[in-house]
Structures are given as C-alpha cells and as structure tokens.
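A.B. asks: Go ahead and model the full structure; you've got the sequences and the hints to work with.
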Amino acid sequence: EAQVTQNPRYLITVTGKKLTVTCSQNMNHEYMSWYRQDPGLGLRQIYYSMNVEVTDKGDVPEGYKVSRKEKRNFPLILESPSPNQTSLYFCASSLSSKQETQYFGPGTRLLVL
Amino acid sequence: DQQVKQNSPSLSVQEGRISILNCDYTNSMFDYFLWYKKYPAEGPTFLISISSIKDKNEDGRFTVFLNKSAKHLSLHIVPSQPGDSAVYFCAARLYGNKLVFGAGTILRVKS
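First to last, the protein sequences are chains F and E.
Counting in my numbering, the first sequence runs from 1 upward without gaps.
Counting in my numbering, the second sequence runs from 1001 upward without gaps.
Keep in mind that a hint or two might mislead.
Derived lysine-lysine pairs resembling BS3-like cross-links, with alpha carbons at most 30 Å apart [stated by the list, open to error]:
# : chain 1 : residue 1 : chain 2 : residue 2
1 : E       : K1037     : F       : K65
2 : E       : K1037     : F       : K57
3 : F       : K18       : F       : K65
None of these hints come from the bench; they were simulated from the model.
C.D. replies: See below:
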C-alpha cells in the first residue's frame, strides 16, 4: 500500500530533551516536506527536500533540523524542544517538486512541557 | 499575513443539501488551488484542484469554482453526506511545490 508513515504518533517530552520524528514514504517520491498545524493558522511548512541531500527552509524553520540521506526517509529533529513547538506535525511527499498534489502522513502530536 | 483565508471556522449542513466552503486569497501569483480533507487522527487527503487558467473543475459530488478577479474560490459538495464531515483546507501553490494553506473549515453534515 502506497503510504507515508510517521513515528511516533504521540509524544510527550520536556523542554530541552532532543527528539526525532521519523517519516518514511514507499512511493519513490522525490519531494518531501514537514508541516506543523496550529489552531487558526492552518498548515505551515517547516522544511522541505527536493531530493536526496537537498533540503531547504520553509516558513517556520526555527528550532528544527532535517536530513535526507535516503530517498524514502525524511526525519525531523528538535535539538532542544520548547513549549512553543507543541503542535501537530505532518510529513508529506509528492512525486516531484513540480507536482502540486502532496500525500500526507497520519500526523504526530507533540506536547513539550 | 495570511495569504489564504478561510473565514468560516465551521459550517453545519443538513444531509442531502449543498455544502459551500469558501476561500479567499491575496497573492495573484498563485497558479494552482487545491482542497484537502482531513478526518480526526488522520493526515489531510487531496480532494480536488483547479488551475488558475480555469474557472470550474468537477469531480463527482465535488465542484470547485475559481473567481480570479475576486481572488475567491469555493468548494461545492452536492449532495452532502454524513461521511463528508471533516476539516477542509484550502491551499494555493506559489511555485514548484510551495503550498500555502488556509486555517481550515470544520464541516458537519447532520443526518
């Protein structure tokens, strides 16, 4: 089944404790992206990757890091989480950077205390 | 500065009637508009899209209308069904794969 998977689905952590949210897609998509969803703000892009070893900042990159060492994986790293990073996170992918339709993972709900 | 706005946080409609979800945008450089649907505990799923060179696109019960002069688009669902109850996000493409999303509208279809 073609899909985007994220782990973990739910996470409670404390300020400053490094964490990684994994994202994997099995559709051989070139383009991958991370979004956060907050009430009243919709989905905002954090980082994106056009292909392996090619990443760039989105609209709200502060406090986040990403890497793209393999085509299928695009982990999101919070080196020192803070309470304002409490949010619902979505990973998405699409065939290429020219295709407007993106496929989303199920989401990761993060609470930073 | 929100470039894509969905001014109605929620909408309630009777089963079988029409649902109309609205979206306004400010950037005339957007070249594609999309609607995504999201159920609780799931990721958004693509519903329907329209190119900026068209004014209407239809897919079964779903029709999207684009009014470029008013910088307005709408999603019509006819007839509405209880399974359509979800959050609907309007999104606009700026370039490449850069999507700008609205805040979402919660649709409740009552049976």
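A.B. asks: Take the hints in turn and mark each one as holding or not.
C.D. replies: Checked hints:
1. Taken as a hint, the E:K1037 and F:K65 pair is honoured in the structure, with Cα atoms around 28 Å apart against an allowance of 30 Å.
2. Of the supplied pair hints, the one linking E:K1037 and F:K57 holds, its CA atoms being roughly 26 Å apart against a limit of 30 Å.
3. Taking the CA atoms of F:K18 and F:K65, the gap is about 11 Å. The hint holds against a cut of 30 Å.
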